[in-house]
Amino acid sequence: MARRRKQIRLDHLEIEAVAAEGKSVARHDGQVVFVKGAVPGDVVDVQVTKKRKAFMEGSPVVFHQYSDLRVDPVCDYFGTCGGCKWQHLNYPSQLEYKQQQVEDSLQRIAKVELAGMSPIIGSQKKLRYRNKLEFTFSNKKWLTKEQISTEEEIQRNGLGFHIPGLFDKVVDVDTCHLMEEPTNAIKNEIRAYALRNGLTFFDIRDQHGLLRNLMIRLTDHGDLMVLLQFFEPDMEAIDGLMAHVQNAFPEITSLLYVINQKKNDTIFDQEVIVYHGEDHIVETMGDLRFKIGPKSFYQTNSAQAKLLYDKTIEFAGLTGDELVYDLYTGTGTIANYCAHSAKKVIGIEYVEDAIKDAFVNSEVNGITNTDFFAGDMKDVLNDSFVREHGTPHVIITDPPRAGMHEDVVDMILKLAPQKVVYVSCNPATQARDIALMDASYRVERIQPVDMFPHTHHVENIVLLIKK
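Using the numbering used here, the first residue of the sequence shown is number 1, and each one after it goes up by one.
Everything labelled a hint here was simulated from the structure, so no lab data went into it. This structure is a prediction, so every number in the text was calculated from the model and none was measured. Ideal Cβ placement from N, Cα and C applies to all residues, glycine included. Check before you lean on any hint, since a few could be wrong.
Label pairs and their in silico Cβ distance ranges [stated by the list, open to error]: (1) Thr-175 to Gly-222: 30 to 36 Å; (2) Asp-234 to Gln-65: 53 to 59 Å; (3) Lys-414 to Ala-115: 27 to 33 Å; (4) Leu-114 to Asp-410: 24 to 30 Å; (5) Gly-390 to Thr-49: 51 to 57 Å.
Once the Cα atoms are required to be at most 20 Å apart in a straight line, the calculated SDA-like pairs of lysine to any residue come out as [what the hints assert, rightly or not]: (6) Lys-311 to Pro-73; (7) Lys-344 to Asn-369; (8) Lys-23 to Gln-99; (9) Lys-169 to Asp-76; (10) Lys-126 to His-64; (11) Lys-50 to Pro-164; (12) Lys-111 to Asn-369.
Whenever a hint applies, use it, and build me the whole structure from the sequences.
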């Protein structure tokens with residue numbers, strides 16, 4: 001018989017600061033305790049859920065004192081849904097801790113002096129700032145303790161967001177405050193139609209069910225994309241649902257679907273079928289228009305993206321004579337945005353469909369001094385590529401959260417441009433890469449930007465100057 005592990009409860013801990021992944025920090029007998037659902041200034045009793053030699057993790061079970069930094073969350077699903085983990089923390093404090101996160105990463109990992117650091121740029125919109133949301137269908141929706149305790153039979157089909165740490169459970173969401181309407185109306189009507197008509201929701205463990213995923217994208221001027229992802233190729237059921245969505249929401253400008261029978265729900269290698277309207281939507285930024293397809297990356301906070309790119313161009317300090325390499329260019333947003341200030345801009349991106357959009361984006365904006373290439377960055381950016389296209393004066397790089405591959409960092413050092421503008425959504429991997437470049441480059445300027453209010457995520461721009 002297995003011996004039950006003794007439960008540990010820590011009483012009257014004062015929360016001191018915030019930590020990674022939206023957790024907060026307290027100390028017990030000198031040991032760090034990471035606490036979910038608390039903010040600095042709270043005094044709590046904590047039930048320990050994980051104990052390691054160097055730290056413990058837990059959740060508050062009793063609040064003895066509430067922090068002055070607390071605010072009431074606007075969302076009914078706060079604490080259950082995996083997003084918006086800082087909704088209970090006032091926005092000025094969120095910005096303060098995000099700035100601290102950037103400072104800590106650059107000082108601890110890259111050993112950078114912070115003289116060139118500017119205050120974080122906050123988001124004007126704190127809610128409904130996103131232009132894209134993805135919802136998951138599941139036949140195992142999350143049940144509350146109250147629902148579990150009732151003797152009533154509860155239907156388990158849900159459409160919403162994954163529960164943190166539980167890949168097969170979703171919290172069934174009626175209203176998400178992160179995106180403007182008709183996002184919730186579309187989501188709720190699709191779920192209602194599916195329940196009325198007995199459509200099956202996906203079982204991720206056993207890999208069966210019709211409905212798998214829903215993506216909605218919305219531009220500032222009203223273009224609306226809806227993409228439904230199906231697992232089973234039941235064309236009668238698919239056509240019935242798609243026709244209903246089209247009739248119920250005639251404002252949809254791009255209605256798409258995918259039949260994806262892979263183990264995962266990524267669609268980069270899947271055929272996207274246009275059911276109605278266009279195969280893309282169009283977003284504007286400044287004087288430029290950008291084509292966004294279902295597979296395209298585009299910053300999900302449009303207003304903050306413009307501020308981010310304006311600051312990026314400012315850091316690059318282009319005069320019109322430079323050859324610029326834009327690494328991880330996506331749909332060519334930065335490349336096209338800075339093309340008017342450079343002699344030529346070359347963008348490189350892994351996703352081939354995004355590169356196709358980048359070419360279109362240059363064409364529709366009358367930009368003729370850009371060129372784009374698809375492929376793995378470490379494979380494309382090599383000596384022969386540079387011999388053919390020229391040595392860059394400035395490199396702008398905006399990699400995914402994992403940062404740059406060491407081969408890419410080595411190639412940048414070999415090319416030795418006068419300036420590198422490093423845009424990152426992960427200050428830790430950004431700092432790691434900057435540390436690898438320390439012998440050749442110094443940090444001149446640093447600008448954090450808050451793209452995602454109520455989360456611990458922060459974007460950061462660093463200007464590196466050749467020593």
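Comparing the hints with the structure gives:
Between Thr-175 and Gly-222 the CB atoms are about 21 Å apart, so this pair departs from the stated range of 30 to 36 Å. Between Asp-234 and Gln-65 the beta carbons are some 56 Å apart, a value that agrees with the proposed interval 53 to 59 Å. With their beta carbons about 28 Å apart, Lys-414 and Ala-115 fall inside the hinted range of 27 to 33 Å. Between Leu-114 and Asp-410 the CB atoms are about 27 Å apart, so this pair conforms to the stated range of 24 to 30 Å.
Separation of Gly-390 from Thr-49 is about 55 Å and conforms to the stated range, judged on CB atoms against 51 to 57 Å. Only pairs whose Cα atoms come within 20 Å are accepted, and Lys-311 paired with Pro-73 is rejected, the gap being roughly 31 Å. Between Lys-344 and Asn-369, the direct Cα distance comes to roughly 5 Å. Compliance with the 20 Å bound is thereby established for this hinted pair. Proximity of Lys-23 to Gln-99 is assessed by CA-CA distance (about 16 Å); at most 20 Å being required, the pair is judged to hold.
At most 20 Å may separate the alpha-carbon atoms for a hinted pair to count; Lys-169 and Asp-76 meet this at roughly 18 Å. A threshold of 20 Å between alpha carbons decides the hint, and for Lys-126 with His-64 the separation of about 29 Å lies outside it, so the pair is violated. The straight-line distance between the Cα atoms of Lys-50 and Pro-164 is roughly 16 Å, inside the 20 Å bound, and the hint therefore holds. Proposed proximity of Lys-111 and Asn-369 is contradicted: the alpha carbons are some 38 Å apart, above 20 Å.
Hints 1, 6, 10 and 12 from the earlier list are contradicted by this structure; the remaining hints agree with it.
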